[in-house]
Amino acid sequence: MTSGLTRRQWMKGAALAGTTAAVAGPGLVRPAQAAGTNLMVVQWGAAWIDVSKKIVAPYEKETGDRIAWELHAGGAMAIVAKIKPNWPNVPYHVISCWDPVFSAMIKEDWLEPVSVAEMPNLKEIPEIFFQKNAKGQLMSVPLSTAGAFWGYRKDLVDKPIESIEQLLEPRFKGKICVPYPVNLTGLLLVTLAMQRGGDERNVEPGWEFLKELAKRGNIGRVINNNSEFINAMSAGDVSVAFFNNGGWSVVKDRFPVTILNRLKDNKGFLYNEGFGILKSDRTEAAKRFANHFARADVNEMYNIPLGSGPTNPKAKVGEKAADFYYTPDELAQYAHVADFGYLSAQVNDWAKRWETEIVPLLRA
Amino acid sequence: MRPTPAAWLLLVPGGLLLGGLMVAPLGLLALESLREFVGGRVGGQADRPLTLANYAELLNPAYALYFWETFRIGALVSLLALIFAFPIAYVAARTPRRGLRKGILGLLIAMLFLSVVARLYAILMAYGPTGPLKGIAQLFGTSASSAAFAEVQVMVGLLHFVLPIVALTLIGTVQNINPRLEEAAMALGAPRWRAVTGVVLPLAVPGLLSAFLIAFAMCISNFVVPLILGRGVVLFVSNLMYIRFSEIANFPSGAAIGIIMLVLSFGIVFGLTAVIRRLWPAAGGVR
Chain F
29 MTSGLTRRQW MKGAALAGTT AAVAGPGLVR PAQAAGTNLM VVQWGAAWID
79 VSKKIVAPYE KETGDRIAWE LHAGGAMAIV AKIKPNWPNV PYHVISCWDP
129 VFSAMIKEDW LEPVSVAEMP NLKEIPEIFF QKNAKGQLMS VPLSTAGAFW
179 GYRKDLVDKP IESIEQLLEP RFKGKICVPY PVNLTGLLLV TLAMQRGGDE
229 RNVEPGWEFL KELAKRGNIG RVINNNSEFI NAMSAGDVSV AFFNNGGWSV
279 VKDRFPVTIL NRLKDNKGFL YNEGFGILKS DRTEAAKRFA NHFARADVNE
329 MYNIPLGSGP TNPKAKVGEK AADFYYTPDE LAQYAHVADF GYLSAQVNDW
379 AKRWETEIVP LLRA
Chain U
58 MRPTPAAWLL LVPGGLLLGG LMVAPLGLLA LESLREFVGG RVGGQADRPL
108 TLANYAELLN PAYALYFWET FRIGALVSLL ALIFAFPIAY VAARTPRRGL
158 RKGILGLLIA MLFLSVVARL YAILMAYGPT GPLKGIAQLF GTSASSAAFA
208 EVQVMVGLLH FVLPIVALTL IGTVQNINPR LEEAAMALGA PRWRAVTGVV
258 LPLAVPGLLS AFLIAFAMCI SNFVVPLILG RGVVLFVSNL MYIRFSEIAN
308 FPSGAAIGII MLVLSFGIVF GLTAVIRRLW PAAGGVR
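If you read the sequences in order, they're chains F and U.
Under my numbering, the first residue of the first sequence carries the number 29, and numbering increases by one thereafter.
Under my numbering, the first residue of the second sequence carries the number 58, and numbering increases by one thereafter.
Please note that the accuracy of each hint is not assured.
Stated by the list, open to error - On the chain F side, residues computed to face chain U include the following (Cβ under 7 Å): (1) Ala132; (2) Ile134; (3) Ser372.
For the record, the hints were derived by calculation from the structure and aren't laboratory data.
Just so you know, even glycine gets a beta-carbon here, dropped at the ideal spot from N, CA and C.
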């Protein structure tokens, strides 16, 4: 069967279209659309991708740029493993990640420096939030202040938890959910170590605590990403967990939750999430995109559903973030900013210790 | 008859494809396994001397547990798959009712089309700690949130995964066995069960071994079943590899685990085939 359009009809149509375009002038074709760039952005799933798509819809119309998304599979470090064998021929232009992953990418020299001159919205973000390279250049676009904390579902725990030492009690048998030590770059070990007087450079007390929990059968679930955490806590087979505020925020939407971030004998962890601009031939469009997310109103819109704190001080802090958003007075008492550069160098050894010392106890 | 030069020429495209898709990546994997890893960096360091450290660390007895668990669960599930699949295959191959045969084949093929992830989550929802069938854990003398029951769930998940493939493989095996041999046995007074166990089963040994090896290979290389149903406490070797590659970017260690797994798997497959050939010489080994 042939097409219903004859050559004569096609010529006629083309002539009409040409005449219309010439008469109407270039106004019919928006310059931004003509100059639009295709960008591939890697983002987390769940609330992250939902809010990002909402933000990007009007942005695409305004600039003509077209954003394709790819989701992180597992932790953000997984994308590093995908990039390494193919670098510099990778399809990604912007990667959503957090402090330890920024560190790894900076060490590999994959990231493009950013500056206020090219991205004016960055001038509003405090310099302390940025990741820098050895030359002192800004290497990340910080968008969220996030954290990792202990917490529990109030409807599943008979009496309040006031110290994580209580997690050794028999009532928590099979009820504790923890991330793999590679997840959150080993912050689980650090929190347990801090409970027993250690810190990230002295995690031995943390290993001892972890062994006690495993031996008593109190660890019921080991999770690897946000979706697994949300599923585990929503199912209700575990009631206490250590995870990031993004995961807690979703669980809190569905169940009564207490975040243990103001404990007398332990601390919560703070870190930044944001965009890294990969070196490519599309850095101009990638910076335009990231700069848009740093704008106060967009930064506010981005962080509210994530339950994270905005990095742009002009953005309002959402209700969900208020729980872990420490006042300046509280920061020293309740919050800890870990040395993620150091942690990311240790996590390989910690993963092996987990496999050889903890998993056998969990299987016993 | 010696192959002609033209016949050798015909092997070139396949050989190139095999070399490009299999041998070259495996060679690169082997090379990566000999590289040094520096914590916090990504992948092996190409500018440093090659090392056997990535293999040496696997000598820790704790790692034997992971290999043992993977092979043990894989072998058990493959055996269960044979036990469950053989009667299905036998009925499908021998039934005179075309509708029943079509129904069995349709069901087996439909199972292959159903997403593995959907099946696994269905198992998790049904048998998990909050599922309606969580009481089954008590039959095993444990609770639904225990590591032991996580292993049971992993086995059920793997069985779901391999059962249709094993059954479809065995249908061909049974069909290739002349039904007159069973009829002869029964004509001589053997009951059907005796005819099947005494005549069909021994003749089906090569097919059973092939099906077992297919199931075993699919089980031990499986990643998603222990990931979803293992609750983080039942870990296969493939999960260890994934963590090395994807979570800590330690490619050399992941590669070393992969090479060891490959060698052990080949050893088991060839060893098993040799044993079967010795025990059933008339069967002629794997067909």
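Results of checking the hints against the structure:
1. The criterion of a C-beta within 7 Å of any C-beta in chain U is met by Ala132 (chain F), whose closest approach is roughly 6 Å, and the hint holds.
2. Violation of the interface hint for Ile134 (chain F) is found here, the shortest Cβ-Cβ separation to chain U being roughly 11 Å, above the 7 Å cut-off.
3. Hint status for Ser372 (chain F): holds, given a least beta-carbon distance of 5 Å to chain U, under 7 Å.
Violated hint: 2 only; the structure is consistent with all others.
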